Amino acid sequence: MPERALRLNGPSLEIIERCDGNHTVQQIVAELQERYSKAEPRKVEEDILGYLARLHEQRALDFE
Amino acid sequence: MSTAIPNPLALVAEVTHRCPLHCVYCSNPLDLTKRENELPTAAWIRVLREAAELGVLQADFTGGEPLARPDLTELIRAARGAGLYASLITSGLPLDEKRLDELVGAGLDHFQLSFQGAHEQSGKEFSGMETHAQKLRVAEWVKARRIGLTLNFVIHRQNLGELEDMVRLTEEISPGRVEFAHVQYYGWAFQNRQRLLPTREQLNRSLEIIKKAEEGLRGRIRVEYVVPDYYARYPKACMGGWGRKVLLVKPDGSVLPCHAANVLPGMTFENVHVKSLREIWHQSDAFQKYRGEDWMPDLCRNCDRRSQDFGGCRCQAFLLAHDAGATDPVCSFSPQRAIVDGILAEANASPQAGPMPPPAGEWLYRANTR
Chain U
65 MPERALRLNG PSLEIIERCD GNHTVQQIVA ELQERYSKAE PRKVEEDILG
115 YLARLHEQRA LDFE
Chain Y
280 MSTAIPNPLA LVAEVTHRCP LHCVYCSNPL DLTKRENELP TAAWIRVLRE
330 AAELGVLQAD FTGGEPLARP DLTELIRAAR GAGLYASLIT SGLPLDEKRL
380 DELVGAGLDH FQLSFQGAHE QSGKEFSGME THAQKLRVAE WVKARRIGLT
430 LNFVIHRQNL GELEDMVRLT EEISPGRVEF AHVQYYGWAF QNRQRLLPTR
480 EQLNRSLEII KKAEEGLRGR IRVEYVVPDY YARYPKACMG GWGRKVLLVK
530 PDGSVLPCHA ANVLPGMTFE NVHVKSLREI WHQSDAFQKY RGEDWMPDLC
580 RNCDRRSQDF GGCRCQAFLL AHDAGATDPV CSFSPQRAIV DGILAEANAS
630 PQAGPMPPPA GEWLYRANTR
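Protein chains in written order, with our numbering: chain U, 65 to 128; chain Y, 280 to 649.
Chain U with its partners taken away, still in its complex shape:
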């Protein structure tokens, strides 16, 4: 990003990797729920949506 960098690891990296213009939000959620199968699916969804919302607010990404 201009004059900023995000340090990504673990889940944040996995989310960002899927923000490629080809994934819907639902697809990202579904893929990570499968990946983190031991975690509560609703928590995974909440975390992803929260993270995406924060990045959108900072104008690091857009939804189409």
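Simulated from the structure, these hints should not be mistaken for lab results. All of these numbers come straight from a predicted model, not from anything done at the bench. Every residue, glycine too, gets a C-beta built ideally from N, C-alpha and C. Check each hint, because a few of them may be wrong.
Unchecked claim - Restraint ranges, calculated between C-beta atoms of paired labels, are given here:
1) Y:Ile618 to U:Asp84: 38 to 44 Å
2) Y:Leu623 to U:Tyr100: 54 to 60 Å
3) U:Asp84 to Y:Pro319: 32 to 38 Å
4) Y:Asp620 to U:Leu72: 43 to 49 Å
5) U:Gln91 to Y:Leu309: 52 to 58 Å
Unchecked claim - So, partial list: chain U residues that the calculated Cβ filter (under 7 Å) puts toward chain Y:
6) Pro66
7) Ala69
8) Arg123
What the hints assert, rightly or not - Short derived list, chain Y residues pointing at chain U, Cβ under 8 Å:
9) Leu288
10) Leu336
11) Gly362
12) Ser366
13) Gly386
14) His389
15) Gln391
16) Arg424
17) Thr429
18) Ala460
19) Arg497
20) Arg501
Go by the hints and put chain Y onto chain U.
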């Protein structure tokens, strides 16, 4: 015990000092590099690659006016090829859509467009040229290409009256990001500082307007701002610390930790013609000089803030107190804070506290290079 030297995160590629504008607050040094001494294309390509190998994540192409380099497209291609985020800091001229497409096609990620005022007239007053209509066109072209767009409004005593117009203009253009940057007093701006430094009242009013804009635009436009640190209690962590996050390569290939360090006496800056960026970053005397805490005056070395602001800006300590190793006089703990207070007193005593431009002949306009 010395701590490990972190890798730099950003390379500022100051590719030329040539520029069609003559801004009265330009951060270029007073002695501008001549065209014949500029680093050639192949050298910049190598520098970009070395920067990436050193861990750099982003390349900021600036100047002067980077568009004045005919090889800019190649340089951006080289940045992208090296895996760097490529950002262009520009006035938006000279530029047409075809050239913009070439730059974007080569891998440009982000376009930062400067504004000298909210209107054609103020733009002309402070840059010496009519540029406003072109900038508006450029903003639309950039938005249509869907790369990042930042508008950068340079603000100071003489144009702060237009700040609300600048906010309105930002809303109309709707970039991803806007920066309201109070002038920093280096280079030409230091020469012109009596006319540029706002009154306390102007500064406070500007912060009100900017914070209101930030709230109103949250989620749509990211609003950032820089204040003139003469008004602060503590100094800025200039460049994130000397030789910690940024390296800057000048048009002639010399490597500096910031825009202004060439004013510091007794320093030799290594050149990319002769040494690799890695060697310069890790080993050069200039980069090592103000790293760590050994160089700090006792005041800083014993201060809890030393790992936050690193004692402030070395160039500012030199410009204001003629001692690059001193605590930045902006710091309220500095024994030389009175120098800054004196400058503020003058700025706030002047009856001409509003946005009244001085007679044009009194500005020190930035010269053209040959």
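Each hint tested on the structure:
no.	hint	result
1	Y:Ile618 to U:Asp84: 38 to 44 Å	violated (53 Å)
2	Y:Leu623 to U:Tyr100: 54 to 60 Å	holds (55 Å)
3	U:Asp84 to Y:Pro319: 32 to 38 Å	holds (37 Å)
4	Y:Asp620 to U:Leu72: 43 to 49 Å	holds (45 Å)
5	U:Gln91 to Y:Leu309: 52 to 58 Å	holds (56 Å)
6	Pro66	holds (5 Å)
7	Ala69	holds (5 Å)
8	Arg123	holds (4 Å)
9	Leu288	holds (6 Å)
10	Leu336	holds (5 Å)
11	Gly362	violated (13 Å)
12	Ser366	holds (6 Å)
13	Gly386	violated (15 Å)
14	His389	holds (5 Å)
15	Gln391	holds (7 Å)
16	Arg424	violated (14 Å)
17	Thr429	holds (6 Å)
18	Ala460	violated (11 Å)
19	Arg497	holds (6 Å)
20	Arg501	holds (4 Å)
In this structure, the hints that do not hold are numbers 1, 11, 13, 16 and 18, in rising order.
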